[in-house]
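Starting from the known structure of chain P, fit chain X onto it as the hints suggest.
Okay, here's what each chain looks like letter by letter:
There are 2 protein chains.
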Amino acid sequence: MPEPDHTTSEGDRDIRILVDGHGGDSAPTMVLDALEMVLSPKFAAQFSASLAFGVVGQEEVLSPLLRERGIENRISLVAATDVIEMCDSPSHALRRKKDSSIHVGARLVRDGSWDALVSAGNTGALMAISKVVLKTLPGIDRPAIASMIPAVNDGCTLMLDAGANSECTSDHLIQFAIMGSCYMQATEGLSAPRVGLLNIGSEDIKGTDVIKLTSTKLAETDLNYIGNVEGTDLFGNDVDVVVCDGFVGNVALKTMEGTARFLASSMRKELTSSLVSKAGALLARSALNRFKDRVNPGKYNGAPLLGLNGIVVKSHGGADAEAFVSAIAVACKEVDANLTDRITQSVQEMVEA
Amino acid sequence: MPEPDHTTSEGDRDIRILVDGHGGDSAPTMVLDALEMVLSPKFAAQFSASLAFGVVGQEEVLSPLLRERGIENRISLVAATDVIEMCDSPSHALRRKKDSSIHVGARLVRDGSWDALVSAGNTGALMAISKVVLKTLPGIDRPAIASMIPAVNDGCTLMLDAGANSECTSDHLIQFAIMGSCYMQATEGLSAPRVGLLNIGSEDIKGTDVIKLTSTKLAETDLNYIGNVEGTDLFGNDVDVVVCDGFVGNVALKTMEGTARFLASSMRKELTSSLVSKAGALLARSALNRFKDRVNPGKYNGAPLLGLNGIVVKSHGGADAEAFVSAIAVACKEVDANLTDRITQSVQEMVEA
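Protein sequences appear in the order of chains P and X. Quick note on the numbering used here: the first sequence kicks off at 1 and runs consecutively. Quick note on the numbering used here: the second sequence kicks off at 1 and runs consecutively.
Chain P on its own, in the form it takes in the complex:
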């Protein structure tokens, strides 16, 4: 296995990120484009530690691409022979594709050769393999996928679980709350992230039995628990971490995506319906583009798989290079902030309290 190419500046630890060369609709080109971008001084300037990047996958495919771009000496190439397809079931990928890029990458993170794995591949396979190879952190029963949602005034809200666990007990939900709170402290610098429980009303009597029990228990923790929140609060500035089971979280995320797509297509239809409105749209174009940028899900691409004994970040499968760079940045931030140690410590403190 090639050693990551990096130099350590005194006192700082390195941030060593391995990316999956075969995940995503436009892989491997999109992945290589993103790797070129993260080699820029502008990207590096976000972090005090020095950065090292690698790509894992089929050597015969990736090696020529690295050479073409002239980055073969700056990006380590880690060989893996198998490729997990989007249609592979998680169990098939887990059992039958042990030399896939995700498997090899997860093992190298487990062994400490790399600090994090970033993949735009099959979400179910990534979660299943990561769980088996990396295991969960002490005190965490189930890892969760966390999703960052843009909010008003350039804010953002972390929602978890976004789809890994359809059925959750109140203990699972409380663990999600702890992990989400640690994440927002570590990566957004919040001192006491406000944690809300996704419910169908603000009153205590609302929701399922699991939700009601979770609310009571959350109020007894040291977390900055603010009570029930609703779907409309996801985009506001009143909550930082929204906790829910993976079924509800996934429906909420996909509903957001569907609403945004529906509104955009309706707007396009209206704006192109007459010459006058077309002219207006032309004049307002830069504003409409800024609007698109602001609500672009790519800006917040990179969903951390939280609760694993190692850092894994899932990029949207349809991500372009720029969005994939966001996912790599998420991984860098998590490593930089020692997120896994922080979560372990928080869970430990919670158990002792």
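Hint data in this document are derived by calculation from the structure and do not stem from the laboratory. It is possible that some hints are incorrect.
If several chains are the same, the list does not tell them apart, and a pair holds so long as it fits within one copy or across any two.
[Unchecked claim] Straight-line distance between alpha carbons at most 27 Å, and here's what the computed DSS-like set of lysine-lysine pairs gives:
hint, residue 1, residue 2
1, K206, K98
2, K206, K97
3, K135, K206
4, K135, K217
5, K97, K135
For chain X alone, coordinates are given in the frame of chain P:
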């Protein structure tokens, strides 16, 4: 109790709609404004049966308002002394406000004096009182709230349950599927509405145990069951009825509302950020207004409470008169199509099959 003021044209039955004078943020003015509108020939032209309207509530408040508008002879006034506030708990409203407009209205629908009750008041109270006073239809365990969602190409999708039942068994969900299918047949004229189950992926292995069991059972019914659908499908043209529990449905609805509001405020901010884009927005104004109309939730205001032995329609509390007219139209359609009889018959056929 005053008799509804109506004339019956030969062969047709009347549609007699009673509206709650005290429900909604802008009641009673908004309610009276809406009643003026539904008296117009344009509204009546939608139905072959003749229409009769009444308003239920405090006589001393409503009587002068009817007279002011000169419609005291065309709108029956039904007296009720109590008013249910938005902050009243459903159980308090149910037990302590037996002479409220909702209670009196529900009793008159039960007794056959009126065909439907329309209210923009407290949803929990409306559901609780309707359930106790009207009872559920044979074969229906729990009534559901159904919500109509706008979709591309001027289509629409009915989602239920939108919030009445947080926890549902597969039998409840199947009953929702039957009711939703009947509703779309009756009010939208679809011969075999496509029924989908809201899930977090299209594959059969996805979702909770209840969802998987429901999917298996739905496939065995006579319904036009198309399998799992996702949050993104709510706005498409591939499904007519989306079935889910009330927790998930409510989160989805409020997430839609939040997303739309967030996008609108972001767009406004960008469009007013420079003179050029302001000018563009001005030129595109009529297009932007048509866009707002198209995605305006008011257009689809009027959520039927399905499964009750009587027709009850809930309007959004923030509805304006025009949106409240939509809710009244929903009630008229349900009466006109004999919806409760249809549901009863479908459930009966399903049990016999």
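Now for the hints, and whether the structure bears them out:
1. K206 - K98: Between. Shortest inter-copy distance 24 Å satisfies the 27 Å Cα cut-off; intra-copy 46 Å does not.
2. K206 - K97: between (45 Å within a copy, 22 Å between copies)
3. K135 - K206: Answer is between: at 23 Å across copies they meet the 27 Å cutoff, but 35 Å inside does not.
4. K135 - K217: Answer is within; shortest intra-copy Cα gap is 26 Å, inter-copy 36 Å.
5. K97 - K135: Within. Shortest intra-copy distance 18 Å satisfies the 27 Å Cα cut-off; inter-copy 56 Å does not.
In summary, this structure violates none of the numbered hints.
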